[in-house]
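Keeping their order, the protein sequence lines are chains A and B.
Quick note on numbering: the first sequence equals residues 0 to 322 in the working numbering.
Quick note on numbering: the second sequence equals residues 453 to 743 in the working numbering.
Since the hints were derived computationally from the structure, they do not count as laboratory data.
The structure presented is a predicted model; accordingly, all values stated were derived computationally and were not measured.
Incorrect hints may have been included.
Covered stretches of chain A (in silico footprint by chain B; criterion: 3 or more residues with CB under 8 Å from a CB of chain B, positions within the stretch not fixed) [said to hold, decoys possible]:
(1) 36-46
(2) 54-60
(3) 138-150
(4) 161-172
(5) 184-197
(6) 204-213
Here are the simulated lysine to aspartate or glutamate pairs, EDC-like style, with alpha carbons at most 20 Å apart [claimed, not checked]:
(7) K121/A - E579/B
(8) K156/A - D615/B
(9) K306/A - D520/B
(10) K161/A - D624/B
(11) K632/B - D14/A
(12) K121/A - D654/B
(13) K609/B - E631/B
One-sided excerpt, in silico: chain B residues whose CB lies under 10 Å from chain A [stated by the list, open to error]:
(14) A456
(15) T457
(16) V510
(17) G512
(18) M523
(19) G544
(20) L551
(21) D553
(22) P586
Yeah, the Cβ is synthetic: ideal placement off N, Cα and C, and Gly gets one too.
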Amino acid sequence: MRILSEGQGEYLKPDPDGYREWVRDHKSRAMVSKLMSEKDAVQKFVQDGDYLVYECTYLQRGPSSLIREVIRQRKKDLWLGAKFTWVSAALLVGGGCVSKLDVGFFLFGPVVEAAIREGRVKAYEYSNVVMTNRIMAGAMGLPFIAVRSFGGTDGFKYSGAKIIEDPYTGQPTVVVPALNPDVALIHVHQADIYGNARVFGTGISHSEAALASKKVIISAEEIIDTEEIRRDPGRTTIPYYVVDAVVNAPFGALPGTVQGYYASDTPHVIEVVGSVMRGLVDAYLERWVYSLESQQELLEKRMGVAKLLELQQRETIKEGYRP
Amino acid sequence: MTQATHFSEREHQICAVAHMVEDARTYWVTGGGSPMAAILLAKKLYAPDAVYVTEDGVLGAEPALPFDPIMNMVSSRAGYRALQWGTMNTVGFHAQIGLMDYGILNTLQVDQWGNINSTAVGDYEGEHRRFGGPGGADSIASLCWRTILLTDQQKRKFVPRVDFISSPGFLDGSPGAREKAGLPRGTRPWRVVTPWSIFDYDDNRRLRLTAVSPFVTVEQVLAEMSFEPAMAPEIGVVETPTEEELLVLRTELDTRGQITDVGRWIELRDDGKYVFAEAGGGGDTALPRSW
Chain A
0 MRILSEGQGE YLKPDPDGYR EWVRDHKSRA MVSKLMSEKD AVQKFVQDGD
50 YLVYECTYLQ RGPSSLIREV IRQRKKDLWL GAKFTWVSAA LLVGGGCVSK
100 LDVGFFLFGP VVEAAIREGR VKAYEYSNVV MTNRIMAGAM GLPFIAVRSF
150 GGTDGFKYSG AKIIEDPYTG QPTVVVPALN PDVALIHVHQ ADIYGNARVF
200 GTGISHSEAA LASKKVIISA EEIIDTEEIR RDPGRTTIPY YVVDAVVNAP
250 FGALPGTVQG YYASDTPHVI EVVGSVMRGL VDAYLERWVY SLESQQELLE
300 KRMGVAKLLE LQQRETIKEG YRP
Chain B
453 MTQATHFSER EHQICAVAHM VEDARTYWVT GGGSPMAAIL LAKKLYAPDA
503 VYVTEDGVLG AEPALPFDPI MNMVSSRAGY RALQWGTMNT VGFHAQIGLM
553 DYGILNTLQV DQWGNINSTA VGDYEGEHRR FGGPGGADSI ASLCWRTILL
603 TDQQKRKFVP RVDFISSPGF LDGSPGAREK AGLPRGTRPW RVVTPWSIFD
653 YDDNRRLRLT AVSPFVTVEQ VLAEMSFEPA MAPEIGVVET PTEEELLVLR
703 TELDTRGQIT DVGRWIELRD DGKYVFAEAG GGGDTALPRS W
């Protein structure tokens, strides 16, 4: 295959056979409970230096409680797949957890800008869809995937993409490396203790990220019985055998919304977005992460029952979000 | 239909885009903001089968407005009454096989070839101001058959060559540049719409001024660009909003003014001239309000 041009960005090297061997050796096919606390899950499955993806955002059905736990445990040197991100990347960068970013989209602000300018964080450029296509390729067990976008951009130069002469059509075609992240954080509506998980409604690439990632931590609004999974198998979005940890995380997406369950906490959304845009991430993390032991404590000390009930009541649209 | 006598620059821009919306065509956008308002306005008044499609894979939603701040995707109100809930990958593939007719994008910076910058202003490898990256815009501008860009009429927004191509227009403007870069044949940037003007592209793929709003002159538009665009043989007048359009916009689509309350206000004087209103209106035109 003739390479016509190629980006100069560093990329996580695809290794499909290596990934197969990892899956053979580490993904248990046994139905064993993977239920654990967010603290244990992050301690056990997020290592310094990992490539980390999160599904959706800190503001919309994202694994927000898990992201807070990663920051609380002061993980270091992570490489983020920062697609469809809003504030997650800035919070993790602000927490000193990040050394590399594959950019799709994140909310910019002084903290990330300074980290990039001072060389503490290196950014590589992609787009949201190119990143989810890379994850798709990782989920398919492929070394790379052809995409029909991204060519001709300046982002291409700072990425791991190449333009090749397609051996079938002879036309210039963009290819990007498959992505098999070390760890995926995924927040779902429901899961059983084994990791069979249900996402209701739209999303970014949760099914693909679960298949593509070496270690998968699911946080769930509700833990449901496996009998309920078996009653309606078409609802299973993620199968148990790719999942490594299941965390019971009611209101786990706060301050974000979970469709059909609760609305976003608007003052908190404005606080976190403002903190990112004005470079006040430290103060935000102190209040919402470091000063708290856990998600449970956040719900008790910073939210309270009345506020949680109000968020539930404000989520009036239920169609499609209950089996 | 009655021509409106008072409207904001943003309302005028949204209506101008709504007038371009074709029935039974798909519109792939990043969700919320002016692009959503334009498509839904057109659906309500002229193009009932236009299809609103968002980056998170929501197909044909009838959004329950207004949204809470930033909840323009992956929220129950944004995905309300859709035909399908997919994902970013599924809708990306729909676009890749040619199902997406139009993209509508808000842009930070655009150049004479319709390229878009949302990554860095300045020298990417040196001094620059960092922005959030292309997000969904790169795929929209690559894969939709036609792409409409929205921006404000400001010198710093219209530059000869964007500092960083985040999402592709005609790239360096040479014939076949998009195809050589692997982008699908026949896709293209199509229009740029500001509150003051409408552009298409000439046969050499350069931005071409085709119409200006009745409250500004051609000279005023050109003064707010950092390059000289091609000029259509006749410069038309951008149609102003009707009372009916503003009623839908203000009472159904943007009741809180989250989208439209930006820019200066225009009034139709008794002598039939459109002028900038002396007072009122407001908002910071420099801030992107798409969220």
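Hint check results:
no. : hint            : result
1   : 36-46           : violated (count 0)
2   : 54-60           : holds (count 5)
3   : 138-150         : holds (count 5)
4   : 161-172         : holds (count 4)
5   : 184-197         : violated (count 0)
6   : 204-213         : holds (count 4)
7   : K121/A - E579/B : 15 Å, holds
8   : K156/A - D615/B : 14 Å, holds
9   : K306/A - D520/B : 16 Å, holds
10  : K161/A - D624/B : 19 Å, holds
11  : K632/B - D14/A  : 29 Å, violated
12  : K121/A - D654/B : 40 Å, violated
13  : K609/B - E631/B : 26 Å, violated
14  : A456            : 32 Å, violated
15  : T457            : 35 Å, violated
16  : V510            : 5 Å, holds
17  : G512            : 12 Å, violated
18  : M523            : 6 Å, holds
19  : G544            : 4 Å, holds
20  : L551            : 13 Å, violated
21  : D553            : 16 Å, violated
22  : P586            : 4 Å, holds
In summary, the numbered hints that this structure violates are 1, 5, 11, 12, 13, 14, 15, 17, 20 and 21.
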